[in-house]
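Here is what each chain is made of, one letter per residue.
There are 2 protein chains.
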Amino acid sequence: MSNKCVDLVLITPEPLDESKVRSYVSDNTAGAISIFIGTTRNHFNGKKVLKLEYEAYTAMAVKQLQEICNDARLKWSLCKMAAVHRIGEVPVGQPSVMVAISSEHRHDAISAVSYVIDAIKASTTIWKKEVYEDGEGQWKANKECKWLNEDKGAP
Amino acid sequence: MSNKCVDLVLITPEPLDESKVRSYVSDNTAGAISIFIGTTRNHFNGKKVLKLEYEAYTAMAVKQLQEICNDARLKWSLCKMAAVHRIGEVPVGQPSVMVAISSEHRHDAISAVSYVIDAIKASTTIWKKEVYEDGEGQWKANKECKWLNEDKGAP
Numbered sequence: 001m002s003n004k005c006v007d008l009v010l011i012t013p014e015p016l017d018e019s020k021v022r023s024y025v026s027d028n029t030a031g032a033i034s035i036f037i038g039t040t041r042n043h044f045n046g047k048k049v050l051k052l053e054y055e056a057y058t059a060m061a062v063k064q065l066q067e068i069c070n071d072a073r074l075k076w077s078l079c080k081m082a083a084v085h086r087i088g089e090v091p092v093g094q095p096s097v098m099v100a101i102s103s104e105h106r107h108d109a110i111s112a113v114s115y116v117i118d119a120i121k122a123s124t125t126i127w128k129k130e131v132y133e134d135g136e137g138q139w140k141a142n143k144e145c146k147w148l149n150e151d152k153g154a155p
Numbered sequence: 001m002s003n004k005c006v007d008l009v010l011i012t013p014e015p016l017d018e019s020k021v022r023s024y025v026s027d028n029t030a031g032a033i034s035i036f037i038g039t040t041r042n043h044f045n046g047k048k049v050l051k052l053e054y055e056a057y058t059a060m061a062v063k064q065l066q067e068i069c070n071d072a073r074l075k076w077s078l079c080k081m082a083a084v085h086r087i088g089e090v091p092v093g094q095p096s097v098m099v100a101i102s103s104e105h106r107h108d109a110i111s112a113v114s115y116v117i118d119a120i121k122a123s124t125t126i127w128k129k130e131v132y133e134d135g136e137g138q139w140k141a142n143k144e145c146k147w148l149n150e151d152k153g154a155p
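Order-wise, the sequence lines are chains U and L.
Here the first sequence is numbered in UniProt numbering, starting from 1 and rising by one per residue.
Here the second sequence is numbered in UniProt numbering, starting from 1 and rising by one per residue.
Chain U on its own, in the form it takes in the complex (with noise of 0.2 angstroms):
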């Protein structure tokens, strides 16, 4: 089954259709759907967030959710993929990333999907900035980044 369908690959300003991305991953063959979504909270580290914008090199970050989506289909035994990040501005509350994944038994679409968020916050050229209710924030790299924590081993 592996291959055969086109994932769902996408960096968009517009809001996530999430009715639509569940829809893309509807297939007769699955008895599983796991679905993350990733929304803007209203807090960190004890600072009141109004929303996030992210940037991202676009022609880069689409090439490596279809790598991350091709390493998954390569340790997992799956059906439909998709992927979708929002730049810009993401109101708390509202989503900037969603993956969703069917696979004949569930163990699949529910590791898979773990693994593709996983990989997109460590290894995806997205980067964000959150907006405080005191003043302004400042781009950065995600935490889990490995290029940054590759930074932070070397000498």
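Among the clues, some could well be false.
Calculated cross-link-like contacts (lysine to aspartate or glutamate; reagent style DMTMM-like; alpha-carbon spacing at most 25 angstroms) [stated by the list, open to error]:
hint	chain 1	residue 1	chain 2	residue 2
1	U	75	L	144
2	L	51	U	104
3	L	48	L	144
4	U	48	L	104
5	L	20	U	17
6	U	20	U	55
7	L	121	L	144
8	U	20	L	133
9	L	48	U	104
10	U	47	L	104
11	U	20	L	144
12	L	75	U	118
13	L	20	U	14
14	U	129	U	118
15	L	63	L	136
16	L	75	L	134
17	U	51	L	118
18	L	129	U	104
19	U	121	U	89
20	L	121	L	14
21	L	51	L	133
22	U	20	U	104
23	L	128	U	104
24	U	121	L	104
25	U	128	L	104
26	L	129	L	53
27	L	129	L	14
28	L	47	L	144
29	L	47	U	104
30	L	63	L	53
31	U	121	U	71
32	U	129	U	89
33	U	129	L	104
34	U	20	L	18
35	U	75	L	118
36	L	75	U	89
37	L	20	U	18
38	U	20	U	144
39	L	121	U	104
Note that these hints are calculated values from the structure, not bench results.
Here the structure is a predicted model, which means the values were calculated and not measured.
On the provided structure of chain U, position chain L as indicated by the hints.
Okay, now just chain L, sitting in the frame of chain U:
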């Protein structure tokens, strides 16, 4: 945050309203939503499946779902939880069970959804019958049912 929210727990003969369950776990304090949807797949052991039929000892199953949610809250830091199961006929492609959980950080929600769906399969009073194209199936306990495994282990 744990135990402040009332969990949505439901056994219903109606088609599951995925968007309603998704909306239930929305929370501005959450940065993560994890969802699992079990659907009727069109095949089992090489046979073409037309539909599944579920029956439940509903009063007990509702209590079991609530206990499973309570157990998950003890293990992880969760915000809102929903665990719903359809009974009766569930045609191919349609959802029979849905678990949705929000949390501040993603690993809590993802781990808890995996735990909850495993526990539902293993320990609730819900039975299913697969109805094949070439004839009727049999009512059966879930192969993961812990009662079944205890029976197997008995002398």
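Hints versus structure:
1. At roughly 23 angstroms between alpha-carbon atoms, residue 75 (chain U) and residue 144 (chain L) fall within 25 angstroms of each other, so this suggested pair holds.
2. Between residue 51 (chain L) and residue 104 (chain U), the direct Cα distance comes to roughly 15 angstroms. Compliance with the 25 angstroms bound is thereby established for this hinted pair.
3. Taken as a hint, the residue 48 (chain L) and residue 144 (chain L) pair is honoured in the structure, with Cα atoms around 22 angstroms apart against an allowance of 25 angstroms.
4. At roughly 14 angstroms between alpha-carbon atoms, residue 48 (chain U) and residue 104 (chain L) fall within 25 angstroms of each other, so this suggested pair holds.
5. A threshold of 25 angstroms between alpha carbons decides the hint, and for residue 20 (chain L) with residue 17 (chain U) the separation of about 15 angstroms falls inside it, so the pair holds.
6. The suggested pairing of residue 20 (chain U) with residue 55 (chain U) holds, with an alpha-carbon distance near 23 angstroms, which does not exceed 25 angstroms.
7. Under the criterion of a C-alpha separation no larger than 25 angstroms, the hint pairing residue 121 (chain L) with residue 144 (chain L) is consistent with the structure, at around 6 angstroms.
8. With a C-alpha separation of about 31 angstroms, the suggested pairing of residue 20 (chain U) with residue 133 (chain L) is violated against the 25 angstroms cut-off.
9. Using a Cα cut-off of 25 angstroms, the hinted pair residue 48 (chain L) and residue 104 (chain U) holds, with the two alpha carbons roughly 14 angstroms apart.
10. For the hint linking residue 47 (chain U) to residue 104 (chain L), the alpha-carbon distance of about 14 angstroms falls within 25 angstroms, and the restraint holds.
11. Restraint check for residue 20 (chain U) and residue 144 (chain L): the C-alpha separation of about 33 angstroms exceeds 25 angstroms, so the hint is violated.
12. For the given pair, residue 75 (chain L) sits about 21 angstroms from residue 118 (chain U) by alpha-carbon distance, which is consistent with the 25 angstroms threshold.
13. At most 25 angstroms may separate the alpha-carbon atoms for a hinted pair to count; residue 20 (chain L) and residue 14 (chain U) meet this at roughly 23 angstroms.
14. Restraint check: the Cα-Cα separation between residue 129 (chain U) and residue 118 (chain U) comes to about 19 angstroms, which is no more than 25 angstroms; the hinted pair holds.
15. The straight-line distance between the Cα atoms of residue 63 (chain L) and residue 136 (chain L) is roughly 31 angstroms, outside the 25 angstroms bound, and the hint therefore fails.
16. For the given pair, residue 75 (chain L) sits about 45 angstroms from residue 134 (chain L) by alpha-carbon distance, which is inconsistent with the 25 angstroms threshold.
17. Straight-line distance between C-alpha atoms of residue 51 (chain U) and residue 118 (chain L) comes to about 35 angstroms, which puts the hinted pair past the 25 angstroms bound.
18. A distance of roughly 18 angstroms separates the Cα atoms of residue 129 (chain L) and residue 104 (chain U); the hinted pair therefore holds under the 25 angstroms criterion.
19. Annotation: proposed proximity of residue 121 (chain U) to residue 89 (chain U) holds, straight-line Cα distance about 18 angstroms (limit 25 angstroms).
20. Simply put, residue 121 (chain L) and residue 14 (chain L) have alpha-carbon atoms about 20 angstroms apart, close enough for the 25 angstroms limit, and the pair holds.
21. For a cut-off of 25 angstroms, the pair hint linking residue 51 (chain L) to residue 133 (chain L) stands: about 9 angstroms separates their Cα positions.
22. Restraint check for residue 20 (chain U) and residue 104 (chain U): the C-alpha separation of about 21 angstroms stays at or below 25 angstroms, so the hint holds.
23. A C-alpha spacing of about 17 angstroms is found between residue 128 (chain L) and residue 104 (chain U), which places the hinted pair at or below 25 angstroms, so the restraint holds.
24. Between residue 121 (chain U) and residue 104 (chain L), the direct Cα distance comes to roughly 16 angstroms. Compliance with the 25 angstroms bound is thereby established for this hinted pair.
25. With a C-alpha separation of about 17 angstroms, the suggested pairing of residue 128 (chain U) with residue 104 (chain L) holds against the 25 angstroms cut-off.
26. For the given pair, residue 129 (chain L) sits about 5 angstroms from residue 53 (chain L) by alpha-carbon distance, which is consistent with the 25 angstroms threshold.
27. This hinted pair checks out: residue 129 (chain L) and residue 14 (chain L) have alpha carbons roughly 18 angstroms apart, not beyond 25 angstroms.
28. A threshold of 25 angstroms between alpha carbons decides the hint, and for residue 47 (chain L) with residue 144 (chain L) the separation of about 21 angstroms falls inside it, so the pair holds.
29. For the suggested pair residue 47 (chain L) and residue 104 (chain U), the alpha carbons sit about 14 angstroms apart, so the restraint of at most 25 angstroms is met.
30. For the suggested pair residue 63 (chain L) and residue 53 (chain L), the alpha carbons sit about 21 angstroms apart, so the restraint of at most 25 angstroms is met.
31. A threshold of 25 angstroms between alpha carbons decides the hint, and for residue 121 (chain U) with residue 71 (chain U) the separation of about 15 angstroms falls inside it, so the pair holds.
32. In summary, the hint linking residue 129 (chain U) to residue 89 (chain U) is supported, as the alpha carbons are separated by about 9 angstroms, within the 25 angstroms threshold.
33. For the given pair, residue 129 (chain U) sits about 18 angstroms from residue 104 (chain L) by alpha-carbon distance, which is consistent with the 25 angstroms threshold.
34. For the hint pairing residue 20 (chain U) with residue 18 (chain L), the CA-to-CA distance comes to about 13 angstroms; that is within 25 angstroms, so the pair holds.
35. At roughly 21 angstroms between alpha-carbon atoms, residue 75 (chain U) and residue 118 (chain L) fall within 25 angstroms of each other, so this suggested pair holds.
36. A hinted pair counts as satisfied when its Cα atoms are at most 25 angstroms apart, and residue 75 (chain L) with residue 89 (chain U) does not qualify at roughly 34 angstroms.
37. A distance of roughly 13 angstroms separates the Cα atoms of residue 20 (chain L) and residue 18 (chain U); the hinted pair therefore holds under the 25 angstroms criterion.
38. The hinted pair formed by residue 20 (chain U) and residue 144 (chain U) fails the criterion: a straight-line CA distance of about 29 angstroms is larger than 25 angstroms.
39. Restraint check for residue 121 (chain L) and residue 104 (chain U): satisfied, since their Cα atoms lie roughly 16 angstroms apart, inside the 25 angstroms limit.
Checked against the numbered hints listed earlier, the structure breaks hints 8, 11, 15, 16, 17, 36, 38; every other hint is satisfied.
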